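Residue numbers (this note's numbering), protein chains in the order written: chain C, 1 to 62; chain D, 1001 to 1722.
Honestly, I wouldn't trust all of these hints.
Stated by the list, open to error - Only pairs whose alpha carbons sit at most 30 Å apart, straight line, appear in this in silico DSSO-like list of lysine-lysine:
| hint | chain 1 | residue 1 | chain 2 | residue 2 |
| --- | --- | --- | --- | --- |
| 1 | D | 1575 | D | 1645 |
| 2 | D | 1709 | D | 1678 |
| 3 | D | 1681 | C | 37 |
| 4 | D | 1232 | D | 1460 |
| 5 | D | 1709 | D | 1681 |
| 6 | D | 1645 | C | 40 |
Simulated from the structure, these hints should not be mistaken for lab results. All figures in this text were calculated on a predicted structure; none of them were measured in a lab.
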Amino acid sequence: MKFINYLTSITGVEIFPLISLLIFFVFFSALLVYVFKADKSRLNYLSNLPIDKDSKDNATKS
Amino acid sequence: MSTTVTAIEKFTYDNKIVKWFAYATMIWGLIGMVVGLWVALDLVFPQLNLGLSFTTYGRTRPLHTNAVIFAFVGNGIFMGVYYSLQRLCKARMFSDLLGKIHFWGWQLIIVSAVATIPLGFTTGKEYAELEWPIDIAIALIWVVFGINMFGTILRRRERHLYVAIWFYIATFITVAMLHIVNSFELPVTFLKSYSWYAGVQDALVQWWYGHNAVAFFLTTPYLGLMYYFLPKAANRPVFSYRLSIIHFWALIFLYIWAGPHHLLYTSLPDWAQSLGVVFSIMLIAPSWGGMINGLLTLRGAWDRVREDVVLKFMVVAVTAYGMATFEGPMLSLKGVNAIAHFTDWIVAHVHVGALGWNGFLTFGILYWLIPRMFRTQLYSKKLAGVHFWLGTLGILFYAIPMYWAGLEQSLMWKDFNPDGTLANKFLDTVTHIAPMYALRSVGGTLYLAGVIIMTYNLIKTIKIGSFLANEDAEAPALAKSYTIHGKEHWHRWIERRPVQLMVLSLVVVIIGGLIEFVPTFLVESNVPTIASVKPYTPLELEGRDIYVREGCYTCHSQMVRPFRSETARYGEYSKAGEFVYDHPFQWGSKRTGPDLARIGGKYIDGWHYSHMYDPTSMAPGSIMPSYPWLFDQKIDFTITPKKIKAMQTLGVPYPEGYENQSVADARAQGEKIVANLKESKVPEVAPLEPDDEIVALIAYLQRLGTDIKVKPSAPADTTQSK
């Protein structure tokens, strides 16, 4: 039983796996690029969100 | 940051709703675990089934799983979300009233589960047993939770959504999708319905749901809690925020595809099985990324782990998460799965997750949360330490015997004599591992003892403390306009937009589901039809409903895998086309008893009659409970035509108008079975009638697997199964 048998009835099906691979690849590449380029101080700010003891310091943090 | 600082607003955090959910998770946790211990002991002492319908294993085991998943963990999720979301959003929950409706609605759902499951009202689909009215209630209450959560997020005073909130959003949207898709069922009566899907398709939908219930009910919300409470308890930010972003997207992207690994070597098309395996293996990456992120958060603070019981619990929880998510992909490898599937190995695997990851994280959060909300210190650190060690030992004493039992039994199943015959009777493989079942109960008892100590400790803490129902907080309002300095990255854009984040999460999870479903549903060649497979007779259908009601699937599979060890023991391996009329499918996932896919015709009617009344009479040493009520209770034939109609609606090809004929046919078949039983001179435990439930059940069992039996073999009156 091969996967391809079930999809041959769809016209232009060859492009589907290519599109999915492309979406997957582009999304995760973009994510990785973003993650590594992201501003360190901003990440720091974000990761400290739960730690803020009380909301008062937040005003000064921004 | 570019947020314009506006006037500081004063508001309060709602601790009351958090407290309620905390109490609920403690109470239901205790109940769920007591029932768990009970069902574990059932396997050692079958007398504990008490001979009553509502206390048999087939009904109490789903009660245990539902109580632990939806009541203990469910309330644990809500406790953690309601606490952390308010603080991360710097806003009170959107609506106190919705919170109340959510809380009481959820408890009502649990109570109705406790009321219906023991009475035998079940859909027969694992972890989704609740009948249709309760399914609707779950959907409604889940939406209430969603509105309350999104309302809070939209009214937040912190522009950026911390990663924990992403996990909460993905949880909300995916669980909604899973629950709705898996719960498509056609109601027959107020508490009886048939799954919309049949056979292979039902199995695929069910395990897509089942696996992702693990992913999006037991994992993603708890990861959100980990990302909030672990940094909070350690008082240091998460190790890598970068990693948490990758963790989130990779996890939800991959998890949704992995469901078919529950169906390896079954009649599910091969391509779908392979797809499940590939994605399961890939899942190691994000899962371990998350675990490492959690553990490394404690870098340089390990000395505190020795002191702080909260951190101790969390470290073991995250470690258990890492172990379970390594083991999961390994189990999805076909070679490993061939050994582990249907055995206690899987039971061990899920309990490392449930007891270790969910249990210990919940306990850690409770020990952290309760003293804070009650403005006091924990009553006894020593008792908490005792709980920690009892719990840890409990997990070990639970898991190790079960691993051992699973491996041992599986090897015994596959063992052949030199002359090519099977080396072990099925029953011998069960009695062989009975000591392991006993040892597992010891592990369960230790774990439960720990939870009882925790409950005492927390009650004491609550008594000495004074509860802060509304915690004062203040934060500047969020400026309406947000000015972007310079070029903004796309991901930063999404981080500020909860609704778009939800939509994107939904798209990501839908893709995986669709690619698995669409070919299986639309392309007929995926489920080859077999001409000799016919719909069940009305009496067999009634018998099947009894099979579902009694939860036989909790111990018996109906799926012969294409292995020599299985075809030699059970007969021809199962084909997809054999299940086309099975609403719902009953393939099962565990063989505490033998497979039943080919049980039809293997024994005479009288064997089943005596076996159901007292299993040990036919199979000495059997741990199956007895079912005396089936001999007194009568089938309600007034509903039979309705059931036939329902099946017709679902596409089962009964002739038109057959419902009018169905009762007469059922009675006629019942008469035949009664005559058979009388002929074989069974010791009648009650006057035999064609509408006895036992008669219908025998009709169903004798039908199983006979549609494609090559040559009908003469029934043997043996006392033990091979």
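Regarding the pair residue 1575 of chain D and residue 1645 of chain D, is the alpha-carbon distance no greater than 30 Å?
holds (26 Å)
Hinted pair, alpha-carbon criterion (30 Å max): residue 1681 of chain D, residue 37 of chain C. Please report holds or violated.
It is violated: about 82 Å lies between the C-alpha atoms, which goes past 30 Å.
For the pair supplied as a hint, residue 1709 of chain D and residue 1681 of chain D, confirm whether the alpha-carbon distance does not exceed 30 Å.
Judged against 30 Å, a Cα distance of about 28 Å means the pair holds.
Between residue 1232 of chain D and residue 1460 of chain D, is the straight-line Cα distance small enough, at 30 Å or below?
Since the Cα atoms of residue 1232 of chain D and residue 1460 of chain D sit roughly 24 Å apart, the hinted pair holds (cutoff 30 Å).
Distance restraint between residue 1645 of chain D and residue 40 of chain C, which requires alpha-carbon spacing of 30 Å or less
This hinted pair is violated, its Cα atoms lying about 64 Å apart.
For a C-alpha distance cap of 30 Å, please report whether residue 1709 of chain D and residue 1678 of chain D respect it.
Holds - the C-alpha atoms of residue 1678 of chain D and residue 1709 of chain D are around 27 Å apart, at most 30 Å.
Violated hints for the displayed structure, listed by number in ascending order: 3 and 6.
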